[in-house]
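As given, the protein sequences belong to chains A and B, one line each in that order.
Residue numbers for the first sequence follow numbering that gives the first Met the number 0, so the first one is 0 and each next one is one higher.
Residue numbers for the second sequence follow numbering that gives the first Met the number 0, so the first one is 0 and each next one is one higher.
One should not assume that every hint holds.
Here are the simulated SDA-like cross-link-like pairs (lysine to any residue), alpha carbons at most 20 angstroms apart as the crow flies [unchecked claim]:
| # | chain 1 | residue 1 | chain 2 | residue 2 |
| --- | --- | --- | --- | --- |
| 1 | B | Lys245 | B | His222 |
| 2 | B | Lys193 | B | Glu142 |
| 3 | B | Lys193 | B | Ser143 |
| 4 | B | Lys176 | B | Gly206 |
| 5 | A | Lys308 | B | Arg96 |
| 6 | A | Lys308 | B | Lys245 |
| 7 | B | Lys176 | B | Phe57 |
| 8 | A | Lys308 | B | Leu235 |
| 9 | B | Lys176 | B | Lys200 |
| 10 | A | Lys308 | A | Gln174 |
| 11 | B | Lys176 | B | Arg96 |
| 12 | B | Lys245 | B | His214 |
| 13 | B | Lys193 | B | Lys245 |
| 14 | A | Lys308 | B | Asp155 |
| 15 | A | Lys308 | B | Cys150 |
| 16 | B | Lys176 | B | Thr99 |
| 17 | A | Lys308 | B | Glu102 |
| 18 | B | Lys200 | B | Thr190 |
| 19 | B | Lys193 | B | Gly221 |
| 20 | A | Lys308 | B | Asn151 |
| 21 | B | Lys193 | B | Phe144 |
| 22 | B | Lys200 | B | Gly145 |
| 23 | A | Lys308 | A | Tyr111 |
| 24 | A | Lys308 | A | Ser138 |
| 25 | A | Lys308 | B | Glu152 |
| 26 | B | Lys176 | B | Gly73 |
| 27 | B | Lys193 | B | Lys176 |
| 28 | B | Lys200 | B | Leu32 |
| 29 | A | Lys308 | B | Thr99 |
| 30 | B | Lys176 | B | Leu197 |
| 31 | A | Lys308 | B | Asn156 |
| 32 | A | Lys308 | B | His149 |
Over 12 angstroms on every C-beta distance to chain B, these chain A residues come out as not near it, computed from the model [unchecked claim]:
| # | residue |
| --- | --- |
| 33 | Phe64 |
| 34 | Glu189 |
| 35 | Phe242 |
| 36 | Gly269 |
| 37 | Val290 |
| 38 | Pro302 |
None of these hints come from the bench; they were simulated from the model.
Owing to the predicted nature of the structure, the values given are computational and were not obtained by experimental measurement.
Where a beta carbon is used, it is the ideal one built from N, C-alpha and C, also for glycine.
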Amino acid sequence: MSLLFDLSALSSAPFWINVGLLAAIYGIFTAGLQLNVGFTGMYNFAQAGFMAVGAYAMAIVTISFHWSFWLALPVSALVSIGFALIVGIPTLRLRGDYFAIATIAFSETIRYAIQNGGSFTGGTQGLLGFNAAWQTVSSWMMSELSLPSDYFLVPLLIVGWLSFLIVLLLLTGLQRTPWGRVLRAIREDEDAARALGKRVFAYKLQSLALAAVLASASGWILALDLSYLSPDEFLPDNTFIAFTILLVGGLGSYTGVLIASIAMETLLEGTRTIGFSLSDTQLASLRFMIVGALLILIVVIRPQGLFGKRAEMKIRR
Amino acid sequence: MSVPRESPILRVEELRKSFGGVAAVAGATFDVLPGSMTALIGPNGAGKTTAFDLISGFVRPDAGRVIFASRTIGGRAPEAIARHGLVRTFQLTRVFRAMTVRENLLVGSQRHPGERLLHGALRPLAARRHERAAARQADEILESFGLAAHCNELADNLSGGQRKLVELARVVMARPKLVLLDEPFAGVNPTLTKELLLHIKRLRDEGITVLFVEHDLDLVMGHADHVIVMASGSVLASGPPDLIRKDERVLEAYIGIETS
Chain A
0 MSLLFDLSAL SSAPFWINVG LLAAIYGIFT AGLQLNVGFT GMYNFAQAGF
50 MAVGAYAMAI VTISFHWSFW LALPVSALVS IGFALIVGIP TLRLRGDYFA
100 IATIAFSETI RYAIQNGGSF TGGTQGLLGF NAAWQTVSSW MMSELSLPSD
150 YFLVPLLIVG WLSFLIVLLL LTGLQRTPWG RVLRAIREDE DAARALGKRV
200 FAYKLQSLAL AAVLASASGW ILALDLSYLS PDEFLPDNTF IAFTILLVGG
250 LGSYTGVLIA SIAMETLLEG TRTIGFSLSD TQLASLRFMI VGALLILIVV
300 IRPQGLFGKR AEMKIRR
Chain B
0 MSVPRESPIL RVEELRKSFG GVAAVAGATF DVLPGSMTAL IGPNGAGKTT
50 AFDLISGFVR PDAGRVIFAS RTIGGRAPEA IARHGLVRTF QLTRVFRAMT
100 VRENLLVGSQ RHPGERLLHG ALRPLAARRH ERAAARQADE ILESFGLAAH
150 CNELADNLSG GQRKLVELAR VVMARPKLVL LDEPFAGVNP TLTKELLLHI
200 KRLRDEGITV LFVEHDLDLV MGHADHVIVM ASGSVLASGP PDLIRKDERV
250 LEAYIGIETS
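Please model the entire structure based on the sequences and the hints provided.
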């Protein structure tokens with residue numbers, strides 16, 4: 000009798016290395032979203048677009064301009080800030096729901112632009128050859144830690160998780176500053192904040208720009224994980240999954256992002272171990288069914304999420 | 000109209016605003032004297048709230064000028080106007096609900112270096128110093144408003160009356176030159192009305208000019224220094240309560256309607 004679930008995969012190290020790496024990537028990605036949605040009240044649906052901008056800017060600067068990979072990182076962060084301003088300046092004055100629509104349109108525009116960018120972006124063929132500098136570091140770490148070769152993703156896992164934890168600590172600290180307090184005031188009541196002299200537009204731009212930088216950072220790690228870049232990696236699905244992580248973890252909680260990104264990636268990757276002979280497209284649909292069911296479950300049982308506060312989740316106006 | 004003896008802190012000249020052909024404010028002109036507690040009254044639809052929105056920058060005027068503390072502020076952004084020292088409240092109480100009472104007040108603090116991302120990061124000491132001073136000030140204000148016991152509670156958990164107090168305390172925290180209070184006593188029980196009135200009078204005694212919208216004429220006549228009467232978008236009369244009480248146009252347009 001064959002089992003429905005091949006549970007042996009769950010005890011294999013590569014499975015958990017992969018889950019851990021994806022949790023760090025989407026954790027950083029979602030942390031930026033938490034800053035926007037949970038703490039500023041902005042429904043940013045462009046996070047996958049910013050991730051693409053960061054990853055592609057890094058790759059293009061390295062491949063086409065022959066700059067150092069390490070220099071390409073801050074440069075691509077600046078590029079993503081530039082894109083955040085381009086998206087934010089015309090759209091942030093829109094009402095919340097229109098802003099959401101405008102950002103999702105931007106995200107898709109970026110993806111299509113990359114798809115049709117010819118040799119500059121690699122088009123649908125994708126880009127290769129930006130990770131030589133990282134490979135050097137990775138091999139050095141492998142030998143220092145004397146890891147067997149099928150643990151080749153462990154160096155990236157370590158770097159990814161260090162980055163994720165630093166990001167969470169920084170954001171938590173930032174939220175405790177008077178700056179973070181103004182963000183929450185904007186989330187609660189934008190007009191009341193303006194009536195007290197707060198430059199709401201500037202705060203929203205800053206919040207969006209920071210989220211864009213975090214999205215690009217997650218894009219770099221994803222690019223190094225895959226060793227290539229393709230526009231298909233930056234579908235809006237990434238943003239939707241991140242929103243699920245956000246709601247499961249709870250709005251306004253970075254601990255929630257930490258726990259829920261691990262839980263979500265375990266669940267999503269775990270579905271790959273299902274013993275049915277499913278095609279890739281069937282599996283992708285199944286994954287979304289799971290995400291949907293999880294969302295419904297959370298909204299019904301615990302609408303504030305695992306770590307959210309009830310008072311903070313009320314949607315206003 | 001009475002001739003002002005000193006130069007006004009707020010001068011509104013020929014202010015106009017129409018919404019889809021309906022003139023909400025149709026050439027309103029009035030002055031508010033510094034240090035006064037001025038009431039803005041008028042029947043429903045007279046344009047009082049629209050006038051507030053125009054003065055505070057939340058709605059752009061079609062025409063006319065607003066001069067506040069010798070600066071033309073008409074058409075500027077609300078946050079810029081607030082920074083000049085003109086702070087308003089709203090008809091429906093607007094507190095930051097998922098924030099504590101103390102945090103609500105701290106957001107009212109002006110020119111806080113810690114509220115600027117780079118400034119806060121590069122000069123953390125200045126930010127911390129300001130934050131400490133602001134916290135002290137907030138605690139004093141909370142004490143005087145009788146809210147000290149609630150300082151760490153979420154504003155969402157307070158009663159409607161307490162929220163009104165928090166909103167007013169937050170305005171005090173901003174140390175404005177002029178406050179616009181849109182119906183501060185609406186839906187408030189008599190005890191709280193007295194309390195709010197006391198706080199508002201204390202604002203005036205501290206040199207903050209108060210302009211407020213109110214429907215209760217006894218309250219207005221008994222406590223305001225100066226009354227501006229609006230009807231159909233323009234100013235019908237303006238003067239001390241005793242004169243307004245006797246003004247025939249006012250009796251006809253406002254009180255006549257009210258008492259009929």
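Each hint, compared with the structure:
no.: 1; hint: Lys245(B) with His222(B); verdict: holds (17 angstroms)
no.: 2; hint: Lys193(B) with Glu142(B); verdict: holds (18 angstroms)
no.: 3; hint: Lys193(B) with Ser143(B); verdict: holds (15 angstroms)
no.: 4; hint: Lys176(B) with Gly206(B); verdict: holds (8 angstroms)
no.: 5; hint: Lys308(A) with Arg96(B); verdict: holds (12 angstroms)
no.: 6; hint: Lys308(A) with Lys245(B); verdict: violated (56 angstroms)
no.: 7; hint: Lys176(B) with Phe57(B); verdict: holds (19 angstroms)
no.: 8; hint: Lys308(A) with Leu235(B); verdict: violated (50 angstroms)
no.: 9; hint: Lys176(B) with Lys200(B); verdict: holds (14 angstroms)
no.: 10; hint: Lys308(A) with Gln174(A); verdict: holds (15 angstroms)
no.: 11; hint: Lys176(B) with Arg96(B); verdict: violated (26 angstroms)
no.: 12; hint: Lys245(B) with His214(B); verdict: holds (18 angstroms)
no.: 13; hint: Lys193(B) with Lys245(B); verdict: violated (26 angstroms)
no.: 14; hint: Lys308(A) with Asp155(B); verdict: holds (12 angstroms)
no.: 15; hint: Lys308(A) with Cys150(B); verdict: holds (19 angstroms)
no.: 16; hint: Lys176(B) with Thr99(B); verdict: violated (26 angstroms)
no.: 17; hint: Lys308(A) with Glu102(B); verdict: holds (17 angstroms)
no.: 18; hint: Lys200(B) with Thr190(B); verdict: holds (16 angstroms)
no.: 19; hint: Lys193(B) with Gly221(B); verdict: holds (12 angstroms)
no.: 20; hint: Lys308(A) with Asn151(B); verdict: holds (15 angstroms)
no.: 21; hint: Lys193(B) with Phe144(B); verdict: holds (13 angstroms)
no.: 22; hint: Lys200(B) with Gly145(B); verdict: holds (16 angstroms)
no.: 23; hint: Lys308(A) with Tyr111(A); verdict: violated (38 angstroms)
no.: 24; hint: Lys308(A) with Ser138(A); verdict: violated (44 angstroms)
no.: 25; hint: Lys308(A) with Glu152(B); verdict: holds (14 angstroms)
no.: 26; hint: Lys176(B) with Gly73(B); verdict: holds (17 angstroms)
no.: 27; hint: Lys193(B) with Lys176(B); verdict: violated (23 angstroms)
no.: 28; hint: Lys200(B) with Leu32(B); verdict: holds (15 angstroms)
no.: 29; hint: Lys308(A) with Thr99(B); verdict: holds (13 angstroms)
no.: 30; hint: Lys176(B) with Leu197(B); verdict: holds (18 angstroms)
no.: 31; hint: Lys308(A) with Asn156(B); verdict: holds (13 angstroms)
no.: 32; hint: Lys308(A) with His149(B); verdict: holds (19 angstroms)
no.: 33; hint: Phe64; verdict: holds (29 angstroms)
no.: 34; hint: Glu189; verdict: violated (10 angstroms)
no.: 35; hint: Phe242; verdict: holds (20 angstroms)
no.: 36; hint: Gly269; verdict: holds (35 angstroms)
no.: 37; hint: Val290; verdict: holds (27 angstroms)
no.: 38; hint: Pro302; verdict: holds (14 angstroms)
The structure fails hints 6, 8, 11, 13, 16, 23, 24, 27 and 34 (numbered hints given earlier, in ascending order).
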